[in-house]
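Asks: Sequences listed follow chains A and B, in order.
Each residue of the first sequence is one higher than the last, beginning at 12 in the numbering used here.
Each residue of the second sequence is one higher than the last, beginning at 12 in the numbering used here.
None of these hints come from the bench; they were simulated from the model.
Mixed in with the good hints, there may be bad ones.
Where chains are identical, the list cannot tell them apart; a pair therefore holds if satisfied intra-copy or between any two copies.
[As the list claims (entries may be wrong)] Restricting the straight-line Cα-Cα distance to at most 20 Å, the calculated cross-link-like pairs of lysine to aspartate or glutamate (EDC-like) are:
(1) K309 - D335
(2) K352 - D304
(3) K90 - E239
(4) K267 - E243
If you're wondering where the values come from, they're calculated on a predicted model, not measured in any experiment.
Number of protein chains: 2
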Amino acid sequence: MVAPSLFLTENNIALATDLYQLTMAGGYFEHGIHYPSSFELFVRRMPQNRSYLIAAGLEQAIHYLLNVRFTEEAISYLKTQPPFASLSRDFFDYLRAFRFTGDLEAMPEGTIFFPGEPVLRITAPMIEAQIVETYLLAVINYQILVATKASRIVQAAQGRPVVDFGTRRAHGPQAGILAARASFIGGCTGTSNVLAGMELGIPIIGTAAHSWTMTFDTEREAFWRYHEVFPEHTLLLIDTYDTLEGARHATELGEKLRGVRLDSGDLVILSRQVRKILDDAGLHQAKIVASGDLNEYKISDLLAAGAQIDLFGVGTEMVTSRDDPTLSGVYKLVEQRRGRKTVYALKLSEEKATYPGRKQIFRQDHRDVIGLVTESLPGQPLLKPYIRQGMLCTDLPAIADIQERAQEQLHALPPEYRRWIDPIPYPVEYSTALQKLRDTIAGLRRV
Amino acid sequence: MVAPSLFLTENNIALATDLYQLTMAGGYFEHGIHYPSSFELFVRRMPQNRSYLIAAGLEQAIHYLLNVRFTEEAISYLKTQPPFASLSRDFFDYLRAFRFTGDLEAMPEGTIFFPGEPVLRITAPMIEAQIVETYLLAVINYQILVATKASRIVQAAQGRPVVDFGTRRAHGPQAGILAARASFIGGCTGTSNVLAGMELGIPIIGTAAHSWTMTFDTEREAFWRYHEVFPEHTLLLIDTYDTLEGARHATELGEKLRGVRLDSGDLVILSRQVRKILDDAGLHQAKIVASGDLNEYKISDLLAAGAQIDLFGVGTEMVTSRDDPTLSGVYKLVEQRRGRKTVYALKLSEEKATYPGRKQIFRQDHRDVIGLVTESLPGQPLLKPYIRQGMLCTDLPAIADIQERAQEQLHALPPEYRRWIDPIPYPVEYSTALQKLRDTIAGLRRV
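Make the full structure from the sequences, and use the hints.
Replies: Right, dumping it as structure tokens:
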């Protein structure tokens, strides 16, 4: 028995889905159902205390759509599973040749959006559109959650840089790199995750750990040894034994000291005392970095109380979106073409009802209107084509441009929609045509 | 610009770490510091309302330790990063040849444990032991969190099967498969994640979705069409339009109906009404599956209120451990051999203090004692060797055996330690020798 890696690869992502997607695929196939179908991904409810969301995760969704395949190993496994026993050989041949051949429209990453608004739409033959649901939700839900949380923390820091330190507390190693990406989109300056640095070009940032200090006989020696190797990059953790003593030891390194990090204790009192120690030694250039279970609420309180902190390292709270760690993103069938007939789909179950038809969002001044794609309403349409007939049809922006988009849109948002607690809901309306379509379809269904 | 996958592979896991691990590695290397060092991974605090934790994630930690390598691409990237500019060519040659050559001791997966108890210990040359910290924490923290949450939900279901439906709400696609594994360890019967089924042999389970029902002109037709393809596996979602009407339509399929799923509405009232409809039609064999933001508290309330549910599909709340989505797992230096001298390490910072020395946990009847490895105390020692000098030195158990271990240990735990709310803390003590060592070292440090 060898330990399995549980890594995702181009060879196994097709199975990173819920079983029912593949059994339904078999059912559609056996009935010859290949209707062009449109599904929309949207967020049902705002997470607690949030007043806006930031679109993120589209690049990984695109990578998936362009690469999803069923290998022989995957097909052999499916054949061993009882529900598939009744399916024809043709179905497995279909899976063998499976490619995503449909269209993807989506909001550009970094777009501010609100519940009910489609973040993306897939239009493809029914089986293709169905199978991709689970993976798209997994990769999009999480990045939206973290980009949004990060932007709140960045705002709380009032211009001071915020760096992602969260990999060790993310929900597994891949969540760490996804969080690094999403938090950068949300406004972080960098990440401690080296892989995110290499894969995405995000600035990587780090200090030192307690283990460094503990490896030398004295803290003083540990600091000097670090400085010898990294004379231009000396940023030391000073709370291993006694924070103020640590600060005094750090000042001995002189003017090349880049900064010190506090990771425990009362950050208001300690940061002010440490600042004074640094300043008294003439080390005005040395920065104070703070870390340790920080979030937007605590950072806001720290700064209001006069903490003297130059940079925040944020981990756990950001990468798990701790105060509300889930996003109610769903992916719903909205329209099918059955021969010459267009069928609009909607759910009527009370708390989970949906709107039918392919939609567009029209962004007006301080108001969004969700209409049908066939409408031409005032405002900026938010959904744009990314994949046509299975092929990428546009260039993807650099991540710095995505971050900039989010910042611009955030700044354009009136402050009452950016409060951390009890924010006002942003005005999002449904167009008259969409409401009418919904009432008509609901009426037909109820008959 | 092609969309990056952000997949982990054997070729990039070495960089799935915090920058400071690699800069400190450079610092140790330049100073010739290769002391054999021991780090222990333990959980600082119990998550909210938890009274025990379940060890999980060890297999993926082992896979990492046996496979971590620095590729030329990784090394080239590091060389472009400013902090590495001052490091010698020898350091990069060291990274090129890097292998984990140390030892791993750990609790078997499925072991019940408590805060302060080491879940695993790495003993290796300092650089190796340091570099692996971030990845080990990421892969272990999350699986412990989910295995523990799942076991609470399984207990709340009082013998009814619980199935993981959470992939779409997990923190990214890899978190989905890690959650499937961990929730199975915690007592779930299966998962909807097909990849987890293939990679781990976990039973996969699924029903049908609203999109299936909406693809046919009527719900009745949708149900029949499903039944035609899957006569032995007909488990239908009945809340697309009207749940009770849906139940009546389902009964028309007759005695081969396996069951129906409720995903919205008042599950107490609806499940009782649906049960009656099924029973009145003579379909006593048909099961009722419930899903929709369920957790241990809601399941407990549902059953107490008389809900007639046979199987629970649990997603969001379980795979995000929603009521407390983070685990305070840390990895701390405890001991170093510097030539002939053994140095015990500890942190004194107030709220994050640690105990020095390599430890063993001795499990006695309803009491754990944390002592030193050199002690021989009454009780069952929990930490066992897994890797010796970089090589796996034991067989790994099948996942069903891990699940069984957890169940056995849970059942042995008195009920007051298994309450969902306000549980009693389990008695965990430090041995006299360990306390004495700590006081001695702390005293020396404070001088």
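Asks: Decide, hint by hint, whether the structure agrees.
Replies: Verification of the hints:
Taking CA atoms no more than 20 Å apart as the test, K309 paired with D335 passes in both settings, with 16 Å inside one copy and 18 Å between copies. Neither within a single protomer nor between protomers do K352 and D304 lie at most 20 Å apart by alpha-carbon distance, with minima of 55 Å and 36 Å respectively. Only between protomers do K90 and E239 lie at most 20 Å apart by alpha-carbon distance; the minimum there is 19 Å, versus 61 Å within a single protomer. Only within a single protomer do K267 and E243 lie at most 20 Å apart by alpha-carbon distance; the minimum there is 7 Å, versus 74 Å between protomers.
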